[in-house]
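J.: Sequence:
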Amino acid sequence: NGLDILGWEFAFELNETAKQLAAENQVDLKFRKIPREVLDKRAVEQGDISFFELAALDVSAKVTQKAQRLTLTLNNFIIQPDDVPKDVMQAITHWSQWIDYWAVDFNYHDDTFHNEWQSYRTKKAPDLELSVAHYYSQKRTYTVLVKVIDILGNDTTKLLDIVVA
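All you need for my numbering is the position in the sequence shown, starting with 1, plus 6.
Since the hints were made in silico from the structure, they are not lab data.
Treat the hints with caution; some may be incorrect.
[What the hints assert, rightly or not] Between beta-carbon pairs, the in silico distance windows are:
(1) ASP64 to VAL33: 15 to 25 Å
(2) TYR126 to LYS92: 24 to 34 Å
(3) THR99 to ARG146: 40 to 50 Å
(4) MET95 to THR128: 17 to 27 Å
[Said to hold, decoys possible] Cross-link-like lysine-lysine pairs, in silico, DSS-like; alpha carbons within 27 Å at most:
(5) LYS153 to LYS129
(6) LYS92 to LYS39
(7) LYS153 to LYS130
(8) LYS153 to LYS68
(9) LYS92 to LYS36
(10) LYS68 to LYS145
(11) LYS25 to LYS36
(12) LYS153 to LYS92
(13) LYS130 to LYS92
(14) LYS72 to LYS145
(15) LYS129 to LYS92
(16) LYS39 to LYS153
(17) LYS36 to LYS47
(18) LYS153 to LYS36
(19) LYS39 to LYS25
(20) LYS153 to LYS25
Cβ coordinates follow ideal geometry from the N, Cα and C atoms, glycine included.
Between the sequences and the hints, there should be enough to build the whole structure, so can you do that?
T.: This is the structure in structure tokens:
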């Protein structure tokens, strides 16, 4: 009993919520992103199109109330192995190697993502920072959006509500 859902973009956290409901009803649910290449007639004719399943991102948030400091840490990032070429799969020794870039909007307002911090790998600096600290000037609830771009070019997002009291 399975269902694949294709989309250009998915609402934040949609895949996690829907997968949980599907599992409760014994349905194998997969979200697959429609790649931009489908608009290129030559790519379609050559069969160079891959519909990648959405990745899973695990992020923890720790708030130090007295300092009004938020620390975000990437704990895991899971890409479906069927989507990855074997030579790439064999070269990966740590889950963070799936990530090419990640960025954070520390005060997301349900509109445009504002890149307030990022970490990315280069040939000279291949290691990725896996945590970031941010200080808030006001005590209130913030919506934080974490965005990850993986080595296959797909983006994954995680939305967090953070209370600074």
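J.: Are the hints correct? Go through all of them and say.
T.: Here is what the structure says about each hint:
no., hint, result
1, ASP64 to VAL33: 15 to 25 Å, "holds, 23 Å"
2, TYR126 to LYS92: 24 to 34 Å, "holds, 25 Å"
3, THR99 to ARG146: 40 to 50 Å, "holds, 41 Å"
4, MET95 to THR128: 17 to 27 Å, "holds, 22 Å"
5, LYS153 to LYS129, "holds, 21 Å"
6, LYS92 to LYS39, "holds, 21 Å"
7, LYS153 to LYS130, "holds, 23 Å"
8, LYS153 to LYS68, "holds, 18 Å"
9, LYS92 to LYS36, "holds, 21 Å"
10, LYS68 to LYS145, "holds, 15 Å"
11, LYS25 to LYS36, "holds, 8 Å"
12, LYS153 to LYS92, "holds, 26 Å"
13, LYS130 to LYS92, "holds, 25 Å"
14, LYS72 to LYS145, "holds, 10 Å"
15, LYS129 to LYS92, "holds, 22 Å"
16, LYS39 to LYS153, "holds, 16 Å"
17, LYS36 to LYS47, "holds, 26 Å"
18, LYS153 to LYS36, "holds, 20 Å"
19, LYS39 to LYS25, "holds, 15 Å"
20, LYS153 to LYS25, "holds, 20 Å"
Taken one by one, the earlier hints all hold for this structure without exception.
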